Amino acid sequence: MNPRLQITELHKSFGKLKVLDRFDLDLDQPGITAILGPNGSGKTTLIKSILGMVLPDQGEIRVMGEDIKGKHFYREHIDYLPQIARFPENLHVHEVIEMVKNLRKKPAQDAEMISFFELEDQLEKKLGQLSGGTRQKINLVLACMFDSPIMILDEPTAGLDPVAVLKLKQLLNREKAKGKLILITTHIMSFVEEMSDRLVFLLNGKVLVNETLPDLKSTYGEKSVEQIIADLMQGIPPDTNDQPSINGHKKDIDQNSYTTSESLKK
Amino acid sequence: MRKVCRYSFYDIIRSKWLVSYTAFFFILSVALFWLTPDFSKVMVSIMNIILVLVPLVATMFGIMYFYNAREFTELLLSQPLRRRDIFLGQYLAVAGSLSCAFLFGVGIPFVFFGIFKSPVIFDFASILLIGIMLSFIFSAISFLIALRNENKIKGFGIAIFVWLFFAIIYDGLFILLLSFFSDYPLENVALAGIIGNPIDLSRILILLKLDISVLLGYTGAVFHKALGASAGILIAFSILLAWIVVPVWRIVKVSSTRDY
Numbered sequence: 001m002n003p004r005l006q007i008t009e010l011h012k013s014f015g016k017l018k019v020l021d022r023f024d025l026d027l028d029q030p031g032i033t034a035i036l037g038p039n040g041s042g043k044t045t046l047i048k049s050i051l052g053m054v055l056p057d058q059g060e061i062r063v064m065g066e067d068i069k070g071k072h073f074y075r076e077h078i079d080y081l082p083q084i085a086r087f088p089e090n091l092h093v094h095e096v097i098e099m100v101k102n103l104r105k106k107p108a109q110d111a112e113m114i115s116f117f118e119l120e121d122q123l124e125k126k127l128g129q130l131s132g133g134t135r136q137k138i139n140l141v142l143a144c145m146f147d148s149p150i151m152i153l154d155e156p157t158a159g160l161d162p163v164a165v166l167k168l169k170q171l172l173n174r175e176k177a178k179g180k181l182i183l184i185t186t187h188i189m190s191f192v193e194e195m196s197d198r199l200v201f202l203l204n205g206k207v208l209v210n211e212t213l214p215d216l217k218s219t220y221g222e223k224s225v226e227q228i229i230a231d232l233m234q235g236i237p238p239d240t241n242d243q244p245s246i247n248g249h250k251k252d253i254d255q256n257s258y259t260t261s262e263s264l265k266k
Numbered sequence: 001m002r003k004v005c006r007y008s009f010y011d012i013i014r015s016k017w018l019v020s021y022t023a024f025f026f027i028l029s030v031a032l033f034w035l036t037p038d039f040s041k042v043m044v045s046i047m048n049i050i051l052v053l054v055p056l057v058a059t060m061f062g063i064m065y066f067y068n069a070r071e072f073t074e075l076l077l078s079q080p081l082r083r084r085d086i087f088l089g090q091y092l093a094v095a096g097s098l099s100c101a102f103l104f105g106v107g108i109p110f111v112f113f114g115i116f117k118s119p120v121i122f123d124f125a126s127i128l129l130i131g132i133m134l135s136f137i138f139s140a141i142s143f144l145i146a147l148r149n150e151n152k153i154k155g156f157g158i159a160i161f162v163w164l165f166f167a168i169i170y171d172g173l174f175i176l177l178l179s180f181f182s183d184y185p186l187e188n189v190a191l192a193g194i195i196g197n198p199i200d201l202s203r204i205l206i207l208l209k210l211d212i213s214v215l216l217g218y219t220g221a222v223f224h225k226a227l228g229a230s231a232g233i234l235i236a237f238s239i240l241l242a243w244i245v246v247p248v249w250r251i252v253k254v255s256s257t258r259d260y
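Heads up: the sequence lines are chains A and B, in that order.
Note that this note's numbering has the first sequence beginning at 1, numbered continuously upward.
Note that this note's numbering has the second sequence beginning at 1, numbered continuously upward.
Excised from the complex, chain A in its bound form (with noise of 0.2 angstroms):
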């Protein structure tokens, strides 16, 4: 069987810039997957490729087995967070929930989604009138109301309050439980450390790491995640020298033009 996400040979460049560079990526796994990597590293070109947003220059992206070049259907799999929580500024919140609704022809959780975030009080006003906040917690509701196999959510917790985020984690494990791929792209470690169960970590345009959780601390001597990554954007190898090279790729960190331990010490 298919995996649910497959990229193969992915290929994206704007000008002279290669974004992404024979890329690879099967993801199939229930649970949470973080990717994460440095500013420029392909991440929302991978993900807007995903979409269909971005048109790649070669290569294939399969989602539920299809291939997605030219269709646009294979998006009723897909339940998308966006970055930027920004809506028609004279609509009223309940409208633009009716409208997503109305977009896709399958049932909506949304009165459940709505309540779950208490946004009740809301429906009625424009959405002009929110505040960040709010406007974040609109946007989780239209991104989560359909359960879709794959989730892809954009810096989720951005704007959010303490009370909010500990509802987005209880929501993502219910999600999760149900045995969803969720992709998640944040700057904020200490929520991949508690949410994530696995680890895309990509590199001027390539998968550089791909590992569970677990499996990465063992290799990498049982570090926090924040530790990890730095160590993986500054190109230091894990702690044991006798220590296999992350699949294979430290060549790959060495060579990298990207902020290497040795240009750190220049």
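None of these hints come from the bench; they were simulated from the model.
Treat each hint with caution, since some may be false.
[Unchecked claim] Derived Cβ-Cβ restraints for the label pairs, each shown as a range:
1. G157/B - K169/A: 44 to 50 angstroms
2. V252/B - A111/A: 33 to 39 angstroms
3. A23/B - G128/A: 16 to 22 angstroms
[Unchecked claim] For lysine-lysine, the following DSBU-like pairs were computed, each having C-alpha atoms within a straight-line distance of at most 35 angstroms:
4. K41/B - K125/A
5. K253/B - K71/A
6. K41/B - K154/B
7. K154/B - K71/A
8. K178/A - K43/A
9. K152/B - K18/A
10. K106/A - K167/A
11. K105/A - K253/B
12. K206/A - K152/B
13. K16/B - K101/A
14. K126/A - K41/B
15. K126/A - K152/B
16. K154/B - K105/A
17. K3/B - K69/A
18. K154/B - K18/A
19. K105/A - K3/B
20. K180/A - K3/B
21. K154/B - K206/A
22. K16/B - K69/A
23. K3/B - K71/A
24. K152/B - K125/A
25. K69/A - K253/B
26. K106/A - K18/A
27. K3/B - K126/A
28. K206/A - K253/B
29. K101/A - K253/B
[To be verified] Examples of chain A residues toward chain B, derived with CB under 10 angstroms:
30. L27
31. I84
32. A85
Every value quoted in this text rests on a predicted model; they were computed, and no experiment measured them.
Even glycine gets a Cβ: it sits at the ideal position worked out from N, Cα and C.
Please build the complex by placing chain B on the supplied structure of chain A, with the hints as guidance.
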């Protein structure tokens, strides 16, 4: 497309910009009727304002809407929708709401002052039709500019220049060209020149309809002489339609190949 168009339309018709635009035409029409009760005079006066203001507002509003709706467009792009349906839906919402604002702003005072009992009702209808067509033409051009330019400042700059070009510069260049080559027969050049500017074309279409030959000018006279009033109106109308169809077709093409 209909769903995207419907909700975008709801959003735009509630915006203060659109309410102000409607109010402007309403107050202008009432003020002109206050100055003179003659329908023909009011129509000629309002025509000159429509020919400048409608393209300007459609260009600016179209580009502003497109850039402002960027995140919303991304949300729509992540839904199981064709790109074509998203962008055509948004375009129709912008052009449609601007047309409604114009229609109600100008139409209500004319109805109030008795246009239905006047013999010039069809002339008035042609002015309304031109205003609507200009809204559709310049919204499409602005969408195309925004689609091709991710940089907002550049996009706005190009949009203002395009409006300035069609509303002012084009005529100046045209007159210069005609005066430089005044020794040569320029009828065909003049005809081709009119086709290249939807604002000029609209002006001539209205003047042919109103039969005000004194205001036609050289190009209008050439148009009138070459094609006659009826055929001229029909051809001018068809070319204006092409000015909508071609940019819309480009919107569909460009939107299907660009990255967001």
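Tell me the numbers of any earlier hints that the structure contravenes, in ascending order. 4, 6, 14, 16, 22, 26 and 30
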